[in-house]
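Enquirer: Chain residues, written in single-letter form:
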Amino acid sequence: MEQMSEEGFAGAATLRAPVLTVRHGRGRTGGTTMLNFLIERARIGGRSVLIGDGDRRNATLAGLYPPGSPGGASQPETDETADVKDWIRTLVGRMVDLNASLVLDLGAGDQALAEACREIDLIAFCEAVGAEPLFIGTMGPDIEDFEHLLTIFRAGFFSTQHTLLVMNENLVRAGKTPLGAFDKILARPELIEMDGAGVKIMRMPRLNYMDQVRRTGLNFYDVAAGKRSKEGRPPDPLCQFETRSWINALEREFKENDVVEWLP
Amino acid sequence: MASVVRCVCATAVADNQTLTKAGGAYIRRLTKIIRTRKNDSSFARECRQFAWDRKRGETLQDVTAPGLEGQGMDGRKRGVGEDEGNDVGADIPFGGHGDVYRWLRANFAFVTTWMAKQKPSWETVAGKMAREGVVGAKGKPPTRRSVWKVWKRVLRDVAAERERELAKEVERAAQERELLTGVPAKKYPRDLPKDWAPDTVEPSPRGAMTEPAGRSLVPVSGVGTPQVGVSPDGQTESGVERIRRKFGEVSGRGPPRSLSEIGRRMSRQEQD
Numbered sequence: 001m002e003q004m005s006e007e008g009f010a011g012a013a014t015l016r017a018p019v020l021t022v023r024h025g026r027g028r029t030g031g032t033t034m035l036n037f038l039i040e041r042a043r044i045g046g047r048s049v050l051i052g053d054g055d056r057r058n059a060t061l062a063g064l065y066p067p068g069s070p071g072g073a074s075q076p077e078t079d080e081t082a083d084v085k086d087w088i089r090t091l092v093g094r095m096v097d098l099n100a101s102l103v104l105d106l107g108a109g110d111q112a113l114a115e116a117c118r119e120i121d122l123i124a125f126c127e128a129v130g131a132e133p134l135f136i137g138t139m140g141p142d143i144e145d146f147e148h149l150l151t152i153f154r155a156g157f158f159s160t161q162h163t164l165l166v167m168n169e170n171l172v173r174a175g176k177t178p179l180g181a182f183d184k185i186l187a188r189p190e191l192i193e194m195d196g197a198g199v200k201i202m203r204m205p206r207l208n209y210m211d212q213v214r215r216t217g218l219n220f221y222d223v224a225a226g227k228r229s230k231e232g233r234p235p236d237p238l239c240q241f242e243t244r245s246w247i248n249a250l251e252r253e254f255k256e257n258d259v260v261e262w263l264p
Numbered sequence: 001m002a003s004v005v006r007c008v009c010a011t012a013v014a015d016n017q018t019l020t021k022a023g024g025a026y027i028r029r030l031t032k033i034i035r036t037r038k039n040d041s042s043f044a045r046e047c048r049q050f051a052w053d054r055k056r057g058e059t060l061q062d063v064t065a066p067g068l069e070g071q072g073m074d075g076r077k078r079g080v081g082e083d084e085g086n087d088v089g090a091d092i093p094f095g096g097h098g099d100v101y102r103w104l105r106a107n108f109a110f111v112t113t114w115m116a117k118q119k120p121s122w123e124t125v126a127g128k129m130a131r132e133g134v135v136g137a138k139g140k141p142p143t144r145r146s147v148w149k150v151w152k153r154v155l156r157d158v159a160a161e162r163e164r165e166l167a168k169e170v171e172r173a174a175q176e177r178e179l180l181t182g183v184p185a186k187k188y189p190r191d192l193p194k195d196w197a198p199d200t201v202e203p204s205p206r207g208a209m210t211e212p213a214g215r216s217l218v219p220v221s222g223v224g225t226p227q228v229g230v231s232p233d234g235q236t237e238s239g240v241e242r243i244r245r246k247f248g249e250v251s252g253r254g255p256p257r258s259l260s261e262i263g264r265r266m267s268r269q270e271q272d
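These protein sequence lines map, in sequence, to chains A and B.
Mapping the first sequence onto the numbering used here, position 232 (from 1) lands on 232, and the numbers just tick up by one.
Mapping the second sequence onto the numbering used here, position 115 (from 1) lands on 115, and the numbers just tick up by one.
These are computed hints drawn from the structure, not numbers from a lab.
Careful: at least some of the hints might be erroneous.
Incomplete in silico selection of chain B near chain A, CB under 8 angstroms [claimed, not checked]:
hint : residue
1    : 93
2    : 138
3    : 177
4    : 178
5    : 179
6    : 180
7    : 229
8    : 234
9    : 235
10   : 238
11   : 239
12   : 240
13   : 243
14   : 250
Label-pair ranges, simulated between beta-carbon atoms [claimed, not checked]:
hint : chain 1 : residue 1 : chain 2 : residue 2 : range
15   : B       : 179       : A       : 245       : 45 to 53 angstroms
16   : A       : 150       : B       : 230       : 23 to 31 angstroms
17   : A       : 211       : B       : 172       : 37 to 45 angstroms
If you want a taste of the chain B side facing chain A, the calculated C-beta under 10 angstroms gives, among others [what the hints assert, rightly or not]:
hint : residue
18   : 118
19   : 123
20   : 127
21   : 131
22   : 173
23   : 176
24   : 182
25   : 241
26   : 244
27   : 246
28   : 247
29   : 248
30   : 251
From a predicted model like this one, the values you see are computed outputs, not experimental measurements.
Glycine included, each C-beta is placed from N, C-alpha and C at the ideal position.
Excised from the complex, chain A in its bound form:
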């Protein structure tokens, strides 16, 4: 049986600068899954992570990490620009105070958030406080997903050297291959331009047992390790194996793209 690679718990509790991770992307493009994995990965490595879910319309991250619970997500009071700005300020302040990384899920980027981000120069702030900014854009094979990210890039409110584009294989429809599904996006000159400019492009492998993993209420690493869920049963062996393979595949992607030290 495939063993979890060393990279499975990569990231180590060495002294690292906190990472301000901002995720954008259309809804249901796997952004929350990606952030959830990064949060679990950091916490299992003993690195503190604060969570901010600014996507009030689809607060999946806040669902996984209920606000008020230990390590729970924080949400803005309302969608009003002033509240969102205050919320972001508070969170980045805490990030600095606690020397912890911050994962911000800004979801589909509603107007208030866009305005707030435009007014708060988070990149300059990160440089000032010694934090590393990381932009994660998630997309499926739908060309609209890419267009949406392009719009955000062009708006430029979080333009950083550490930019990671994640192509989610889980969204490839049955009967299509990932290569065929993403072909249109891969052919776009803007993507090639971004690639040339240092943007890292990685794939999020398919995890057929994603729903089952979520139902267990366990994190990916616990599922991979075969821990028992609240119901008292361990996940089935194939689910464990697939989850382990999935974690290892993601770690390989991070390593091949040389982005391990970008991550929280």
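Chain A is already provided as a structure; the job is to place chain B on it using the hints.
Expert: Just chain B, lined up with the frame of chain A:
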């Protein structure tokens, strides 16, 4: 004498009143007795009996001071920076200390600022306290030396209190941190597994920012320097080429293999 003490104590305990007209040393002695014996059940019963008798008019007018409510010597405190009608004894900060101590604690910020800015002599401080009606243990105005001695005690107690508050603050911060970050403070780094191996990935060189990270479509530093990696066959490849190759692999369209390689794979499988 014993019966008088007992009666006085009983009056003070039962009515929660205090004594002012007697001498300071005498009152202090009585107060000490009250404090040490107030949990004594037989003494308490006696107090109740005495209080009952007192209600019937059998009071010790010569030593009790009706109307002065509080504990210990609080009766003297009335009028020190307070309105006449204010019941000082009802909520006494720094109870158990003398007037001088309480005044210095209550006016700690003022005194420290005063000392830092105008550097008054202890005599001046004592004079101000006397003008405000503060009296020493014997009912006399505080002296330069007594104020100085009490001030040292005040400084020590304030420092100790701040230390306690700081410890509480640290504990509260640790709890808040755990609540916010989900990583229990005690788990890091002390409780990490012994075989934990730190990540040894070398940081990749970062390009210098030649203009503010801002509104460009792509980050500035990397423009014109296509990202290249090395494919398994040793060829350099860009990021897009790499992802295309990876997608190809999972799509079953990996690079064509030579017949000899396929043969090697098949023989390996047979051996397994």
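Enquirer: All hints, please: hold or fail.
Expert: A quick look at each hint next to the structure:
{"no.": "1", "hint": "93", "verdict": "violated (32 angstroms)"}
{"no.": "2", "hint": "138", "verdict": "violated (52 angstroms)"}
{"no.": "3", "hint": "177", "verdict": "holds (6 angstroms)"}
{"no.": "4", "hint": "178", "verdict": "holds (6 angstroms)"}
{"no.": "5", "hint": "179", "verdict": "holds (5 angstroms)"}
{"no.": "6", "hint": "180", "verdict": "holds (6 angstroms)"}
{"no.": "7", "hint": "229", "verdict": "holds (7 angstroms)"}
{"no.": "8", "hint": "234", "verdict": "violated (15 angstroms)"}
{"no.": "9", "hint": "235", "verdict": "violated (15 angstroms)"}
{"no.": "10", "hint": "238", "verdict": "holds (6 angstroms)"}
{"no.": "11", "hint": "239", "verdict": "holds (4 angstroms)"}
{"no.": "12", "hint": "240", "verdict": "holds (5 angstroms)"}
{"no.": "13", "hint": "243", "verdict": "holds (5 angstroms)"}
{"no.": "14", "hint": "250", "verdict": "holds (6 angstroms)"}
{"no.": "15", "hint": "B:179 - A:245: 45 to 53 angstroms", "verdict": "violated (34 angstroms)"}
{"no.": "16", "hint": "A:150 - B:230: 23 to 31 angstroms", "verdict": "holds (29 angstroms)"}
{"no.": "17", "hint": "A:211 - B:172: 37 to 45 angstroms", "verdict": "holds (40 angstroms)"}
{"no.": "18", "hint": "118", "verdict": "violated (38 angstroms)"}
{"no.": "19", "hint": "123", "verdict": "violated (47 angstroms)"}
{"no.": "20", "hint": "127", "verdict": "violated (46 angstroms)"}
{"no.": "21", "hint": "131", "verdict": "violated (46 angstroms)"}
{"no.": "22", "hint": "173", "verdict": "holds (9 angstroms)"}
{"no.": "23", "hint": "176", "verdict": "holds (9 angstroms)"}
{"no.": "24", "hint": "182", "verdict": "holds (2 angstroms)"}
{"no.": "25", "hint": "241", "verdict": "holds (9 angstroms)"}
{"no.": "26", "hint": "244", "verdict": "holds (6 angstroms)"}
{"no.": "27", "hint": "246", "verdict": "holds (6 angstroms)"}
{"no.": "28", "hint": "247", "verdict": "holds (4 angstroms)"}
{"no.": "29", "hint": "248", "verdict": "holds (5 angstroms)"}
{"no.": "30", "hint": "251", "verdict": "holds (3 angstroms)"}
The earlier numbered hints that this structure contradicts are 1, 2, 8, 9, 15, 18, 19, 20, 21.
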